[in-house]
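Colleague: Residues per chain are reported as follows:
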Amino acid sequence: MKISRNGILLAGAFIVLIFSLLLNVSLGSVSIPMPTILEGLFSGSWDKNSYEQIILNYRFPKALVAILAGVGLSISGLQMQTFFRNPLAGPYVLGISSGAGFGVAILILAGSIFGFASNAMNPWAVAVAGTMGAGLILVLVSLVAWRVKDSMTLLIVGIMFGAAVSSIISVLAYFSGAEALKLYTIWSMGSLGGLGWAQVTLLSVVILLGLIPVIFSIRAFNASLLGESYAASMGISPLKLRWLMIISTGLMSGAVTAFCGPIAFVGIAVPHVARIIWKTADHRILFPASALCGSVLLLLCDAIGQLPGSAQSLPINAVTSLIGAPIVIGLVLKRNFSKEF
Amino acid sequence: MKKAVISGRNLSLGYQKGDRKREVLHGLNFDLYTGQLTCLLGSNGVGKTTLVKAIMGRIPVWNGKLLVEGKELSALNSKELSKTLAVVLTEPIVAGNMTVGQLVSLGRTPYLNWSGYLSAHDKQVVEEALISTQILEIKDERLSEISDGQRQKAMIARALAQDAPIMILDEPTAHLDLVNRFEIMQLLHSISQSQNKSILVITHDLDIALETSDQLWIMKKKEKLIAGLTEDLIVKGLIDSLFSKEKIHFNSKRGKVELENKLAKLDFEGDEYLAFWIQKALGKANIYDVKSPVKIHENPFFIHYEGLEFSSIQEFVAFLFLGE
Numbered sequence: 001m002k003i004s005r006n007g008i009l010l011a012g013a014f015i016v017l018i019f020s021l022l023l024n025v026s027l028g029s030v031s032i033p034m035p036t037i038l039e040g041l042f043s044g045s046w047d048k049n050s051y052e053q054i055i056l057n058y059r060f061p062k063a064l065v066a067i068l069a070g071v072g073l074s075i076s077g078l079q080m081q082t083f084f085r086n087p088l089a090g091p092y093v094l095g096i097s098s099g100a101g102f103g104v105a106i107l108i109l110a111g112s113i114f115g116f117a118s119n120a121m122n123p124w125a126v127a128v129a130g131t132m133g134a135g136l137i138l139v140l141v142s143l144v145a146w147r148v149k150d151s152m153t154l155l156i157v158g159i160m161f162g163a164a165v166s167s168i169i170s171v172l173a174y175f176s177g178a179e180a181l182k183l184y185t186i187w188s189m190g191s192l193g194g195l196g197w198a199q200v201t202l203l204s205v206v207i208l209l210g211l212i213p214v215i216f217s218i219r220a221f222n223a224s225l226l227g228e229s230y231a232a233s234m235g236i237s238p239l240k241l242r243w244l245m246i247i248s249t250g251l252m253s254g255a256v257t258a259f260c261g262p263i264a265f266v267g268i269a270v271p272h273v274a275r276i277i278w279k280t281a282d283h284r285i286l287f288p289a290s291a292l293c294g295s296v297l298l299l300l301c302d303a304i305g306q307l308p309g310s311a312q313s314l315p316i317n318a319v320t321s322l323i324g325a326p327i328v329i330g331l332v333l334k335r336n337f338s339k340e341f
Numbered sequence: 001m002k003k004a005v006i007s008g009r010n011l012s013l014g015y016q017k018g019d020r021k022r023e024v025l026h027g028l029n030f031d032l033y034t035g036q037l038t039c040l041l042g043s044n045g046v047g048k049t050t051l052v053k054a055i056m057g058r059i060p061v062w063n064g065k066l067l068v069e070g071k072e073l074s075a076l077n078s079k080e081l082s083k084t085l086a087v088v089l090t091e092p093i094v095a096g097n098m099t100v101g102q103l104v105s106l107g108r109t110p111y112l113n114w115s116g117y118l119s120a121h122d123k124q125v126v127e128e129a130l131i132s133t134q135i136l137e138i139k140d141e142r143l144s145e146i147s148d149g150q151r152q153k154a155m156i157a158r159a160l161a162q163d164a165p166i167m168i169l170d171e172p173t174a175h176l177d178l179v180n181r182f183e184i185m186q187l188l189h190s191i192s193q194s195q196n197k198s199i200l201v202i203t204h205d206l207d208i209a210l211e212t213s214d215q216l217w218i219m220k221k222k223e224k225l226i227a228g229l230t231e232d233l234i235v236k237g238l239i240d241s242l243f244s245k246e247k248i249h250f251n252s253k254r255g256k257v258e259l260e261n262k263l264a265k266l267d268f269e270g271d272e273y274l275a276f277w278i279q280k281a282l283g284k285a286n287i288y289d290v291k292s293p294v295k296i297h298e299n300p301f302f303i304h305y306e307g308l309e310f311s312s313i314q315e316f317v318a319f320l321f322l323g324e
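Taken in order, these protein sequences are the chains called A and B.
Residues in the first sequence are numbered from 1 upward in steps of one, following full-length UniProt numbering.
Residues in the second sequence are numbered from 1 upward in steps of one, following full-length UniProt numbering.
Heads up, a few of these hints could be off.
As the list claims (entries may be wrong) - For lysine-lysine, the following PhoX-like pairs were computed, each having C-alpha atoms within a straight-line distance of at most 20 Å:
| id | chain 1 | residue 1 | chain 2 | residue 2 |
| --- | --- | --- | --- | --- |
| 1 | B | K21 | B | K291 |
| 2 | A | K279 | B | K139 |
| 3 | B | K53 | B | K295 |
| 4 | B | K53 | B | K21 |
| 5 | B | K253 | B | K221 |
| 6 | B | K2 | B | K17 |
| 7 | A | K149 | B | K53 |
| 8 | A | K149 | B | K21 |
| 9 | B | K53 | B | K222 |
| 10 | B | K295 | B | K280 |
| 11 | B | K17 | A | K149 |
| 12 | B | K295 | B | K247 |
| 13 | B | K53 | B | K221 |
| 14 | A | K240 | B | K79 |
| 15 | B | K265 | B | K224 |
Since the hints were made in silico from the structure, they are not lab data.
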């Protein structure tokens, strides 16, 4: 039996993912040798108690968050790009990140202005605020989505909502104090760490829920590559697909943004990388391929952001853009970008 | 007797925005038959696309009846309709990464489950569609790397793979060169006969439509749709109704559209068809009066005029032009 090139590439990407995971876990301000980690993971007995603490309660949850965020953002981005037939669409075009930012800005910035902020950087508080903000914008966009006929209008409305909310955040930022401003700025740079197992579990559940509509719309996304009219002529309901997409991307990118902050770049770039590597437009391949690429990219960026051996670390957004942008520019220049979509 | 698969009875269509209604088409009657290629002709803005949208179920019927295989179109759900009607639209395809084979496979969409898995039967239908459009050998090439003519054949193959008894194509020959235009229309004609499909083609290529279509529909603004066997419409002189401007007319003898230029009076001796082209050239140069008789020699070609000989029409026209 012939094993397809796509299958081999997917298997290869999975192996790369395992290595990226191990590399990510082994790097950090405290150097822990790889054999020690593997032994600890498989036997459950650790050389030092501190190692167990660092690996199991700090680095492992963080690596899992990197994978979850990579999956959620890449698959959201791919859905948006196909649905809107726009290579520049990403998980945030419907205003979800602005919405989450709005929620967090209310918590941190307005909190400092009106004096109700207490323990503002508690991850639960930030996540709840982010979720509420993202949910609010999603409800507004959905109300519009219910009324508008074509997808381009929806895209413009989503971007306009984002712009309007960003301006409210600017106003809040203008009036808030230096301390709160710094907290908010740090949140907006994104962070994969600092989450406990409870939050990681919740994030996993939400991402899995967000993947369910994706599985049931693979055929519809493939047909949508030809545009709404063709899709409709083949018995696909563009309206139904629109709702599945809003629910799926709302859950996944909303949850990721609420817990990790707005992580730039991954959602737009990774689907292109997957298209270029796998050379296909078939979503049966592109969805798993994007998920794998997104996870690997975030794991590696996070590993670099640790600045291994030093006590400092870089914000994840700085690394994803700094490392990822040249890679994508390189890939895009090597192959004709517009033809790959 | 051929069976009618799509019928319009006193059909009115239009668009509505708020309380404002704009009627585009009024009181249309037509029948689309199986096993025939029908061409829909009409100038821009007469409502051809509106009619197609209505047949695709994208806009509602205002008045009258639109029947598909004897049933009201509105009674069909989108899945049933997708198995009855396949389309090729003017919309450009952006997915250049897709191969021809993948594009044609998308035609099977109405028959697949959510995962998009193709059964052996689906694959066979796709292959047959590739074969009947003569593009099997470019099955693995990407859409961005094939010619416009091949891409249009791939779109037709996709519609064939949808396995619907009716196919509607909106200007499938736009942007193609003359040879490809003939080839595509010839292909559609042979498909309509060999697979007993009803094919409706919207086109502006009158010459090719006359050459290949079985039935012709002519649409004019605020008038009834003229439908009939292509040759009947030619004989009855109905093709001319396509042209509202007086300067353009349809020459039913030559089967082509002509600019009504005043032709030069020519007292000639020789072949009539050669004289016709000389008159044409003179007409373009605004020369309508040739004083002396002209002798046309056919092989080798030369023109004898007032004791002079011209080996090409160009020389002759230049001489007369200077003489005036």
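Colleague: For the pair supplied as a hint, K149(A) and K53(B), confirm whether the alpha-carbon distance does not exceed 20 Å.
Modeller: Holds: K149(A) and K53(B) sit about 15 Å apart, inside 20 Å.
Colleague: Would the hint linking K2(B) and K17(B) be met if the CA-CA limit is 20 Å?
Modeller: 39 Å, violated
Colleague: Next pair to validate is K149(A) with K21(B); report whether the Cα-Cα distance is within 20 Å.
Modeller: Holds, at roughly 18 Å.
Colleague: Given the hint that K53(B) pairs with K221(B), test it: the Cα-Cα distance must not exceed 20 Å.
Modeller: With Cα atoms ~18 Å apart, K53(B) and K221(B) stay inside 20 Å; holds.
Colleague: Hint check: K240(A) vs K79(B), CA-CA at most 20 Å. Holds or violated?
Modeller: 14 Å, holds
Colleague: Holds or violated: K53(B) with K21(B), Cα cutoff 20 Å?
Modeller: Satisfied, since the Cα-Cα distance of roughly 17 Å is no more than 20 Å.
Colleague: Hey, K279(A) versus K139(B), does the alpha-carbon distance stay inside 20 Å?
Modeller: 15 Å, holds
Colleague: Straight-line Cα separation of K17(B) and K149(A) no greater than 20 Å?
Modeller: Status holds; Cα separation ~13 Å.
Colleague: Given the hinted pair K253(B) and K221(B), is their alpha-carbon gap at most 20 Å?
Modeller: 27 Å, violated
Colleague: Can you confirm whether the C-alpha distance between K295(B) and K280(B) stays at or below 20 Å?
Modeller: 16 Å, holds
Colleague: Compare the distance between the alpha carbons of K21(B) and K291(B) with 20 Å, and conclude whether the hinted pair is satisfied.
Modeller: Violated - the C-alpha atoms of K291(B) and K21(B) are around 62 Å apart, more than 20 Å.
Colleague: Just to be careful, I want the Cα atoms of K53(B) and K295(B) compared with a cutoff of 20 Å; is the pair within it?
Modeller: 58 Å, violated
Violated hints, listed in ascending order, are 1, 3, 5, 6, 12 and 15; each of the other numbered hints is respected by the structure.
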